[in-house]
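Q: One letter stands for each residue in the lines below.
Protein chains: 2
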Amino acid sequence: MNKIQTIKTISAAIALLFAGAAMAQAPAAAPDPAASDPVAMGWMQGSPPAADKTVRWVDGSFYKFPQTRWSFAHWNQLIPSSDVWRGDGKVAALPRAERKDIAGLSFQPANGGATMTFEQALAANYTDAIVVLHKGRIVYEKYAGAMTPHTRHIAMSVTKSFFGTLGEMLVNEGKLDPGAMVTQYIPELKDSGFGDVTVRQVMDMTTGIKFSENYADPNAEIWTYVRAGSVLPRPAGYTGPQNFYDFAKTVQKDPEAAGAFRYQTVNTDVMGWLIRRATNKTVGELLSERIWSRLGTERDAMIAVDSAGNEFAGGGLILTARDMARFGEMMRKDGKFNGQAIIPKAVVDDIRNGGDRAVFARAGYATLPGWSYRDMWWISHDDHGVFAARGVHGQTIYIDPKAEMVIARFASAPQAANGVSDPVMLPAFRAVADRLMRR
Amino acid sequence: MNKIQTIKTISAAIALLFAGAAMAQAPAAAPDPAASDPVAMGWMQGSPPAADKTVRWVDGSFYKFPQTRWSFAHWNQLIPSSDVWRGDGKVAALPRAERKDIAGLSFQPANGGATMTFEQALAANYTDAIVVLHKGRIVYEKYAGAMTPHTRHIAMSVTKSFFGTLGEMLVNEGKLDPGAMVTQYIPELKDSGFGDVTVRQVMDMTTGIKFSENYADPNAEIWTYVRAGSVLPRPAGYTGPQNFYDFAKTVQKDPEAAGAFRYQTVNTDVMGWLIRRATNKTVGELLSERIWSRLGTERDAMIAVDSAGNEFAGGGLILTARDMARFGEMMRKDGKFNGQAIIPKAVVDDIRNGGDRAVFARAGYATLPGWSYRDMWWISHDDHGVFAARGVHGQTIYIDPKAEMVIARFASAPQAANGVSDPVMLPAFRAVADRLMRR
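Going line by line, the protein sequences match chains A and B.
Residue numbering for the first sequence follows our numbering, beginning at -5 and increasing consecutively.
Residue numbering for the second sequence follows our numbering, beginning at -5 and increasing consecutively.
Treat each hint with caution, since some may be false.
One copy or two, either will do: identical chains are not told apart, so a pair holds if it fits within one copy or between any two.
Simulated crosslink set (DSS-like; lysine-lysine; CA at most 30 Å straight-line) [claimed, not checked]: (1) 84 to 204; (2) 136 to 84; (3) 330 to 169; (4) 327 to 84; (5) 47 to 169; (6) 339 to 169; (7) 275 to 136; (8) 84 to 129; (9) 84 to 58; (10) 184 to 47; (11) 243 to 47; (12) 339 to 58; (13) 275 to 47; (14) 94 to 327.
I should point out that these hints are in silico values taken from the structure, not numbers from a laboratory.
Please build the complete structure, drawing on both the sequences and the hints.
A: This is the structure we're talking about:
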């Protein structure tokens, strides 16, 4: 294959993945959203729950749909987790200014489907929790299934944006040199695919490594990765890497990926490793100290850990929807929230300015035309300046600076890829933004 | 053996256990307290920690001394845990009135040892955290090793007293009938050793079941129990019970134990099961609703869960020392704290009045002469009316009503049995009480 053919092949594969690939364990005919409501289905109800209504980590049932509709809302009950202390400061109140017109707001999905309302879109896409802020006030808030305002949900890859932000903060402070080789901080990666990459390439996921995130392919590296990190139970006789960092040492180079953006979770754990080396704190400790204890959060967050206690920077954050909205609002306000500057404006600017759009385009995300990736955030470059944190199965922080709107959303869609719901949810979010701007 | 011989044998065995039996995994020559300081030893220090400084659940290293000095302070990072929400109320401040004279207070241990100071006693007995309240004010507070004022520690069997208290609350409300057979609520236990026992017998641990809590005996039921509940990893090919309740169904009767008090953890998980059946809530939900959200706690508590999500009522509570002190102070104040009646005085009275001292005496606790056991609390019947929650390796809530004193203490002593430290720590606590009463 020549280079262009290769890129086309890769692009097609990734586009396929993000356009509609089902999660490996999702059944062929998934129950619809109403039928899969975890409370209605009785998952983990009863004293104790019946065997066929029990959701366990050890047998992998927690990661099968529709059990995921319960387990995503009970992650630290399934996987050991360290805590991200909220500190002992006061909660930063989120004032309420509810807008009754949002639920029934009509919009046109981008997939050729019929016009639908915002609330229909939420339900149809397995939404577990959503908070919409306008100018810092809650204009819409809804919980479904196993979620309540005070309960936590796994954020999946929304987690990455928290640690990309912390990484960029350290760059801003001169504690991490974006132009330095990763091996300057982590010599252990010398013989791996990370041996010749810079800190900046890790932050923007242009490391040229071999690591497939194709959830539909049982041989994809992502599966070994989550087993190394004890996110999933290991098959009998497993002899692979024992934790996230040991896995990173085994990562190979993919010569065909040089210079390309590829969405690869292992990069974020290397980001986490860099953060630890630069600060001598765990990523959870740094998150608590720099952000979580200053945001006026309602609750501690938690982070799933691997069997050696390493926090899963790539996807382990567990938090409430309101606290996730507070973080988003802080980003919208150039790093200011709760009466203080939490993140320098220069850090937020670096994120919002985005990455290389041409490099991103070649990755073939059909639902994200014109977007880019920077500091582990997704940047739309649209006329509203939208930027987002995104995690599989529908997790997002969607920030629309022009509309002064922040959306924090948790979901448990049967498919991992957000390409499935983007044609509905992205227009839905834009419709709310447009409505909020009308007055 | 006739009955008296049997009782003597059992008593001797239990006395041996509680007088000095080492925890099964404790090394023959345990490092002394200073040498075993987890920070000084470097456990889980580094980014990431070196392999020989890593504490893991999966290989059992987390439950070996001296690693326990780190792991007891990081329990939810090792074992999946549900959370006991503190609610959204204000923290109930614990005013400070520090007494500089407590640290150097001299006292005479009951083991014939030399006079020592209170602070020496704490250090010599592997204390991780201690809060001493006098009339509701902090007069002494100290953290060591891996603990800080805002971090949580596993409470071990101190947990039992929380659920014994909730059980007695339900009795007080008529939601649990102490005279009813356990099988009235839990028919599944019909064919087990619990088939012919009452709720009251469970609450006071006089169920006559076969269940050895001898940590020094590798064949003791306690080991199968903690493996069933996923507190410890299971040996390869393990085919035993899969969770706490399935274990309870397999418990046998011990004809020689009829009418005797025997300290057996499985009773508390049956207590938890009764609570769940009576309320249709998990024990953690009930604890949050009835107590934790009303105490003005500083942090959520957590409870370790088994692989089916059942909370470990027998020993899984994870909480801060200050919050444990708040609970103790509420008990001292007849159920009132934070400006409200949290538990009816009748419930506290039932606990403080204690159980059958003659039955308790036959269990042969050499360090607890004249004590009794009631509602999962230990009652001294001494001239100060002391009553206590107690957990292996030195966990305690020690309440001295006459001295208006409450002590909350966490430790990570190499030996499980509190009989080892009682001859030092009980006189130490009494010496502080006497000093506080002098002015």
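Q: It remains to establish, for every hint, whether it holds in the given structure.
A: Consistency of the hints with the structure:
With identical chains, the CA atoms of residue 84 and residue 204 are never at most 30 Å apart, being 45 Å at best within one copy and 51 Å at best between copies. Both within a single protomer and between protomers do residue 136 and residue 84 lie at most 30 Å apart by alpha-carbon distance, with minima of 24 Å and 25 Å respectively. Proximity of residue 330 and residue 169 under a CA criterion of 30 Å is satisfied intra-copy only: 22 Å inside one chain copy versus 51 Å between copies. Proximity of residue 327 to residue 84 under the C-alpha cut-off of 30 Å is found in both arrangements, the shortest distances being 20 Å within a copy and 28 Å between copies.
Taking the shortest Cα distances, residue 47 and residue 169 sit within 30 Å of each other only across copies (26 Å), while inside one copy they are farther apart (49 Å). For the homomeric pair residue 339 and residue 169, the shortest alpha-carbon distance inside one copy (17 Å) is at most 30 Å, but the shortest distance between copies (57 Å) is not. In the homo-oligomer, the alpha carbons of residue 275 and residue 136 lie at most 30 Å apart only across protomers (24 Å), although the nearest pairing inside one protomer, at 36 Å, exceeds that limit. Taking the shortest alpha-carbon separations for residue 84 and residue 129, both the intra-copy value of 21 Å and the inter-copy value of 27 Å come in at or below 30 Å.
For the identical chains of this complex, residue 84 and residue 58 are neighbours neither inside a copy (38 Å) nor across copies (39 Å), given an alpha-carbon limit of 30 Å. In this assembly of identical chains, residue 184 and residue 47 lie within 30 Å of each other by CA distance solely across copies; the values are 23 Å between and 47 Å within a copy. For the homomeric pair residue 243 and residue 47, the shortest alpha-carbon distance between copies (19 Å) is at most 30 Å, but the shortest distance inside one copy (39 Å) is not. Proximity of residue 339 and residue 58 under a CA criterion of 30 Å is satisfied in neither setting, with 41 Å inside one chain copy and 48 Å between copies.
In the homo-oligomer, the alpha carbons of residue 275 and residue 47 lie at most 30 Å apart only across protomers (16 Å), although the nearest pairing inside one protomer, at 40 Å, exceeds that limit. Taking the shortest Cα distances, residue 94 and residue 327 sit within 30 Å of each other inside one copy (25 Å), while across copies they are farther apart (48 Å).
Violated hints, listed in ascending order, are 1, 9, 12; each of the other numbered hints is respected by the structure.
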